[in-house]
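K.L.:
Residues in the sequence shown are numbered consecutively from 1, following our numbering.
Treat the hints with caution; some may be incorrect.
[Said to hold, decoys possible] Beta-carbon label-pair distances, calculated as ranges: (1) P80 / G177: 45 to 51 Å; (2) I126 / L151: 38 to 44 Å; (3) F145 / E73: 36 to 42 Å; (4) N59 / R35: 27 to 33 Å; (5) E82 / F176: 34 to 40 Å.
[Unchecked claim] Heads up, simulated EDC-like pairs for lysine to aspartate or glutamate below, C-alpha to C-alpha not over 20 Å straight-line: (6) K116 / E37; (7) K118 / E73; (8) K42 / E114; (9) K118 / D43; (10) K42 / E73; (11) K42 / D161; (12) K42 / D84; (13) K42 / E24; (14) K116 / E82; (15) K116 / E63; (16) K116 / D164; (17) K116 / D84; (18) K42 / D164; (19) K118 / D162; (20) K116 / D130.
Keep in mind the hints are simulated off the structure, nothing from the lab. Since the structure is predicted, the reported quantities are computational estimates derived from the model, not experimental observations. Note that the Cβ used here is the ideal one computed from N, Cα and C, for glycine as well.
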Amino acid sequence: MNTKLMLTALGAIGIPAVSANAAEFYAGVGSGGYRLESGEFKDSAPTVKLFGGFQLNHNVAFEGAYQRLFQTEEIIGGGPVEIDGNVYELSTKLSYPFAQRLQGYGRLGWSYYEMKLKSTGFSGPISQNDYGDDFSWALGANYNFTQRLGLRGEYGQLLIDDGDAEFLSFDVTYSFGQ
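Turn these sequences into a full structure, and let the hints steer you where they fit.
P.N.:
This is the structure in structure tokens:
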């Protein structure tokens, strides 16, 4: 009986400590630009991003994101080539606090991409879709204005088989909980 009472009291004392580090969900929206390099094609265009995640503790989170890649165009072989697409990403985010409100982080993950190519070259109109999945990574910093609202800047890269896509974005984040 005494042991049960003592364990219950110790458990009750630990509840505030657990809730202070409780896991929470977060979501955000951002905008920026991307640069696509593949063969002779090298151009950049705007992008928007929606993301959400689960912050397991102060250092580890799991995140999913969607990015819309707006149309980019370059002249190749005498004709215009247009590319636009979408990227879906799952990643693990590792954070390190530099100050009470400032954290640096890195993300490693997997991305699935859909690219649509259109060309009106000398041989007539061409339309082609490219789908695939590859490794992606990102480095960034997050500044929390309040306990729930933050701003982050991020540079990332998607390593496509025959080229690379680089991303730079500024995102607003909102944490649910606490």
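K.L.:
Would you list, in rising numerical order, the hints stated earlier that this structure does not obey?
P.N.:
13 and 15
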